[in-house]
Amino acid sequence: MSAKHTHVCDVLVIGAGLAAERSAIECAEAGLNVIILSLVPPRRSHSTAAQGGMQASLGNAAMAMGDNPQIHFEDTVKGSDWGCDQEVAKMFTETVPIMIRQLDFWGVPWNRVVAGKKKLPSGLEVEDLKEKEGLITARDFGGVAKWRCCYTSDGTGHTVQFVVDTVVCKLNIPVHDRMEAIALIHDGTTCFGAVARCLRTGSLNVYLAKSTIIATGGAGRIYAASTNAIINEGTGAAIALNTGVVPLGNMEAVQFHPTGMPPVYILMTEGARGDGGYLLDKNLHRFMPDYEPKKKELASRDVVSRRMIQHIRAGYGVESKYSTQPHLWLDIRHLGRKWVWTNLREIATIAMNFNGLDPAKDLVPVIPTQHYTMGGVRTNKDGFAYGLKGLFAIGEAACWDLHGFNRLGGNSLAETVTAGFLVGMQVAKYTLGATANFDYKLVEEFVKKEEERIKDLISGKNGKENVFEIRAAMQQAMMDHVHIFRTGPSLEQGVAKLQELYRRSLKIGLRSSGQAANPELAAALRMPGMLRVALCVAYGGLMRTESRGSHFREDFPKRDDANWLKRTLAYWKEGADLPTLDYEPVACPYMPPGDRGYGEATAGAKPAAK
Amino acid sequence: MGRQLTFNVFRYNPSIPGDKPRMQEYRLEEYEGMTLFVALNEIREKLDPTLMFDFVCRAAICGSCAMLINGRPRLACKTMTRSLPSRITLMPLPVFKLIGDLSVDTGTWFRNLQMRTESWIHTSKKFDPNALEVRMDNKTAEAIYEPERCIECGCCVATCVTANIREDFLGATGINRVARFIIDPRDERSDAEYFEVVGNEDGAFGCVGLMACDDNCPMEIPLQENLAFVRRKMAAAGLKLDLKGFKIS
Chain A
1 MSAKHTHVCD VLVIGAGLAA ERSAIECAEA GLNVIILSLV PPRRSHSTAA
51 QGGMQASLGN AAMAMGDNPQ IHFEDTVKGS DWGCDQEVAK MFTETVPIMI
101 RQLDFWGVPW NRVVAGKKKL PSGLEVEDLK EKEGLITARD FGGVAKWRCC
151 YTSDGTGHTV QFVVDTVVCK LNIPVHDRME AIALIHDGTT CFGAVARCLR
201 TGSLNVYLAK STIIATGGAG RIYAASTNAI INEGTGAAIA LNTGVVPLGN
251 MEAVQFHPTG MPPVYILMTE GARGDGGYLL DKNLHRFMPD YEPKKKELAS
301 RDVVSRRMIQ HIRAGYGVES KYSTQPHLWL DIRHLGRKWV WTNLREIATI
351 AMNFNGLDPA KDLVPVIPTQ HYTMGGVRTN KDGFAYGLKG LFAIGEAACW
401 DLHGFNRLGG NSLAETVTAG FLVGMQVAKY TLGATANFDY KLVEEFVKKE
451 EERIKDLISG KNGKENVFEI RAAMQQAMMD HVHIFRTGPS LEQGVAKLQE
501 LYRRSLKIGL RSSGQAANPE LAAALRMPGM LRVALCVAYG GLMRTESRGS
551 HFREDFPKRD DANWLKRTLA YWKEGADLPT LDYEPVACPY MPPGDRGYGE
601 ATAGAKPAAK
Chain B
1 MGRQLTFNVF RYNPSIPGDK PRMQEYRLEE YEGMTLFVAL NEIREKLDPT
51 LMFDFVCRAA ICGSCAMLIN GRPRLACKTM TRSLPSRITL MPLPVFKLIG
101 DLSVDTGTWF RNLQMRTESW IHTSKKFDPN ALEVRMDNKT AEAIYEPERC
151 IECGCCVATC VTANIREDFL GATGINRVAR FIIDPRDERS DAEYFEVVGN
201 EDGAFGCVGL MACDDNCPME IPLQENLAFV RRKMAAAGLK LDLKGFKIS
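So the sequence lines, in the order shown, correspond to chains A and B. Each residue of the first sequence is one higher than the one before, starting from 1 at the first, in the working numbering. Each residue of the second sequence is one higher than the one before, starting from 1 at the first, in the working numbering.
Everything labelled a hint here was simulated from the structure, so no lab data went into it. Check each hint, because a few of them may be wrong.
[What the hints assert, rightly or not] Non-contacting residues of chain A with respect to chain B, defined by C-beta distances greater than 12 angstroms in every case (computed): (1) G433; (2) E500; (3) E600.
[What the hints assert, rightly or not] Cross-link-like lysine-lysine pairs, in silico, PhoX-like; alpha carbons within 20 angstroms at most: (4) K46(B) <-> K170(A); (5) K507(A) <-> K46(B); (6) K139(B) <-> K117(A); (7) K464(A) <-> K46(B); (8) K573(A) <-> K449(A).
Each residue gets a CB set at the ideal place from its N, CA and C atoms; glycine is no exception.
Put together the whole structure using the sequences plus the hints.
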């Protein structure tokens, strides 16, 4: 065997963000031998960037009274535009309150209810009850009937990841950070682990496991502008897709967050609007009530993002030094300095760091920006990936399908720990009943294949294409053709461009020596996989001739339940330059398709203002 | 036309046989809003694809990209080139093990710190999934959040005289981490137990008081206050232990 090290374990967790670590805890507590491997140390994961909070129907805050999992479930299904798996949404909404309390038990300093009368920025007066004082409080978020977003200031992902990582440390679960899984080892039926490249030394390593969990987060970096961390390149989804037998579900469902801050496109939490912030146009007019009289700035993200672009297209965008394209303003000045610098401190700091703006007195430029990958490795409700035994996926990397075609704010952070717990239990159960039977010849073939890829990239055997140019061109094609508003002809052009780039990506040759943990080699190894993922998004979007949630087709502007109440499954066959699409029905056992109560179907199309 | 910037960058990859530490120069034209994140990526993509450095969030919240920028430990992602002279020297953080060029191994160092200080909630209780959460004053929650904001970037460690000369020193980040658990009512450890962890020269009493940590924390965590808090606690605990006849080495 030419691999530097071979590690054998019961459960291999690829990724070290919240979903990954939470599932690792569940498996380790079942007595299993777990290894976590990750591009970066756990506390640097993109989970730590989650700001606003975690949805759970605790019902403690004044505006949360009467909340329960059923209402949370209904909000989630409406948010998903009836695209989600309702069984999963049920399980999730019933479990998430326990997760919040367990995180509290582990040490998360959730903000608490402070009793007394309060006047909200909207003018509404509410009273937090004495009997609820000291219990976990919540803030408002988009697309919800009750306030249920539990938070620690606007650093919720940070505190939750740090606390979950303390439990990983306590259980002494090994984390191999700076280790990138570059191929799954499988025989077409069962997954046996992964080949990984060390990002410290460049060596190849083998991880053999009875169960492999993909928890690598989203693929935001297939777009030029994304709120995502730069490590979110969809590596986990790509290695699953590369097996040829594991499909990605609903990759065309991409969330654009209303408030990315140009020119760096860092997220300004939805909590800013949840806490009472407004969106203003170039006339400093608060335009959202014109479009969405009921939910205003707090309709679901897909709807708010479309309304913003619609408003900019109508000529109300702001031209400023902050952005090369017209943008809008986020206004939280009226929340007051104390609120801004206590409860929205992280975004205030970001606005100050990157644009020199103090949101307590300045407007902040915002523009809808790629934010979340609803699609991912398709799994059943227990987290088992389609196509390979012993392979699981959770969190943003997965299409467990809690989110359908639009995720509600605060449901993703909540999903990470809830899926980590629920799927983690199922993985433990499966693993305890599984026997290890590794075919070393097969393992060696996979290592050899990766060695060959590396050798060819270094020697330039297949060509001399430049990986950075291809990556930039892909990111631009996704911006130009597969964004918020989509049309058939533009998607077709996008697919053609991506196919051309894909073919070029197979001819990449390094300009450097590729020695040790060479970063050009790392990018080159990822590039074809990233393009396959991008093609699943673009081609899935082209073929879905309806509008649902975040997938909006200007040439098919209506949701079409008669033909499209189904989930896209994208496979990548050996030698292909396009994914093969298949579909499965989306069942609605508890809540038949209906009106969301916000969005284009119910509210005005165009405001009168000029 | 923007300024011509000259980047003088430390280069050395210990994984490449025969590689030697050296400084290498790169030139870029500056433009409006340029950060070191943008500049270093441009260098890698256009001038030198072998250059190693670490960025993850590029929003100054993950702590990956700390390095010495003209001698001072800073987060590269939020450092605007316009705040710097046209000649910019970049070195990796000291104290931490070098991976290559500007990339250092903070992950192993911080994991080791968590293990040594047992930085998790110590409790004899068992989680009851059917029970309500234990009530807590919101002020207490906010007080815990303050030290919990540490992003483990390593700036305080890199700039610390004691950490630079004594390998086992916990650094301001370690003392801050312990403070976070001391003020958390859910952690049942006694002062005597904390004393075991931090009441020695590798912990609260190793600091020689120069407080560069407090000046260089990108999160502006009050490290000096936290150190004083832990020291007071530990001094009191030490006295108590002494009076009870325990031997303190």
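Run the structure past the numbered hints and jot down the numbers of the failing ones, going up. 4
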